[in-house]
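**Student:** These protein sequence lines map, in sequence, to chains C and V.
Taking our numbering, the leading residue of the first sequence gets 1, the next gets one more, and so forth.
Taking our numbering, the leading residue of the second sequence gets 314, the next gets one more, and so forth.
No lab work stands behind these hints, which were simulated from the structure alone.
Beta-carbon label-pair distances, calculated as ranges:
#1 Thr494/V - Asp153/C: 46 to 56 Å
#2 Leu321/V - Glu176/C: 32 to 42 Å
#3 Leu317/V - Phe179/C: 30 to 40 Å
#4 Ala458/V - Asp153/C: 40 to 50 Å
#5 Asp153/C - Ile440/V: 44 to 54 Å
#6 Val326/V - Arg296/C: 57 to 67 Å
#7 Phe179/C - Thr494/V: 55 to 65 Å
#8 Tyr318/V - Lys200/C: 38 to 48 Å
#9 Arg169/C - Ile344/V: 47 to 57 Å
#10 Ile68/C - Leu317/V: 23 to 33 Å
#11 Glu305/C - Gln579/V: 25 to 35 Å
#12 Ile68/C - Leu418/V: 11 to 21 Å
#13 Tyr318/V - Lys14/C: 42 to 52 Å
Using N, Cα and C, we set each Cβ at its ideal position, and we do this for glycine too.
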Amino acid sequence: MLSLKNIKFQYQSKKSFTIYSICLDIPPGEIFSLLGPNGAGKTTLIRILSGLIIPQGGKVSICGFDSIENEYDARRSLGLVLGDERTFYFRLSGAQNLEFFGGLYGLNRGFLKKRIPELLEMVGLRDDAKLQYMRYSTGMKKRLALARALLHDPPVFLLDEPNSGVDPRSARSIREIIFDLKGRGKTILLTTHDMSEADKMADRIGFLREGRLIKIGPVSEFKKVIKRNKLEVEFAGACDVATLGRINHLVQRLMDFAPFLSVAYHHPVIEIMHNGKFNLSQILKVVADEGPPIVRTSTVEPSLEDVFLKLAE
Amino acid sequence: MFKLYLFLKRFIVTMVSYKTALVLGILSGFIGLLQFSFMGKFLTDGNSFPALEQYGGNLLSYLIIGTAFTSFLGVSLSSFQGTIRAEQQMGTLEFLLMSNTRLELILSYSGLMNFLQALLNVAILLIVVIFVFDIPMEVNIPAAALTMLLTIISLSGIGMMSAGIIIMTKVGDPITWIFTTLTGLFSGVLFPVEYLPPQLQAISMVLPTTYALDALRRALSNNASMFEIAPQLLLLGGIAMVTVPLGFAIFKMGYNRARKVGSLAQY
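Chain C with its partners taken away, still in its complex shape:
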């Protein structure tokens, strides 16, 4: 449904490729999440897929249509949400904006008259249909952007950070719509910085670093990148900086490798990455002697965020 073959692109102002030899196939009914640090090339890749940037090498095929040779057919098959909020006419209402863009997609007046209220209802903006776009909150703007992408009911969706900057309620509503699209067999490529979002939604993940797709696979496979487990120790109260420094030093001395000790100040939990080959009671004794009383310990598998940090290194 969405196919990329050896895509290459280099901005004039940069010495190296922003996108380097990317190959990818996303079948219908799949949510593929593209992860990567800032500047990795995620948004550039979305723009290439949507035909807004012509790659210097390779081919993009959308539902069998070449994005350059059959650009109008390829565009008709795409629904796009860009991360930028400024993609609507500020003085027009939400409904007027949808009518305008729907018309440009070739949808007729009668169809739009029915479709727009349906979509506004779906994204929870029915009561704000007549409100000027400039009065919308960030969450409302994101939901309207999703409604625009849905107008012509395309088979493929490119969603660039559809949930960034929105409150949990809006995020959930957007997530539910995306799941519904997946259920209807749509192909979805989304970029996100929110690891828990990718964890909850993606069937497969691709990690982009410096323009290269360095790893593709299901979420479970990604978590295997970190071969260590994580020991969480929760204290009865918050630790001060000096205490944490002492604990870190002592724990390092007890292990045969440098532990990854992550800590949230003013939060009574420390996380120790480990490989399972150490004396747990000895570690806990050091922690208990130095820090506040321990109320809970648990071993958890690494999160996608841990994987992200590891891959981004």
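Place chain V on chain C using the hints.
**Tutor:** Structure of chain V alone, referenced to chain C:
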């Protein structure tokens, strides 16, 4: 037609939402008109202008038509690049281009809205001139309308070239500036071209705006028929046949170039 209606609706909703700017714009037109009317009356009293006989002989109508023409010239030349720049700044350009509406249509409809605004301003100006200030104008409407249409189309081609350069280079293009300046000086906007030194009159002869303005004045002030201004109309038609396809081609080249370097949304 539905797409044209949508562009029109977007234009009207946006224009009406800027109420102060709308009122001030109309007011500015009236103030400019007042200046011209007082200046015209001052110069006309006790004077005759033989050089203006071919245009009805009235200095004020001569100046008013020259000014209205200049405003249309500005719109024709800068409308497309202005539209592209405004869409880039609003962040909507990429979504316009992502739709499956042809690039030529998007460009034409966007530009058309600016022409409608300019037409509205000029219409108000002319109505006030004729009815409030009682300035004699013998208008041949079909001839004037056809002259305006051919002028707009032929100059729009140049405007599209300018937009193609803007979308590619992101910096101000010299085409609009050169054309507006040359027209202001050499096309007879505020004085007949016969008053220019003979060497400079040669520049007037190669500017399409000289012929357009001449035909427009004859049609608006002297009731000239289409037959009487046929040479000017044919010339403008010929220019349009060259500039419009060339304008589209240069714009498309600029658009594709911007896509190749990834700078479409940059401004």
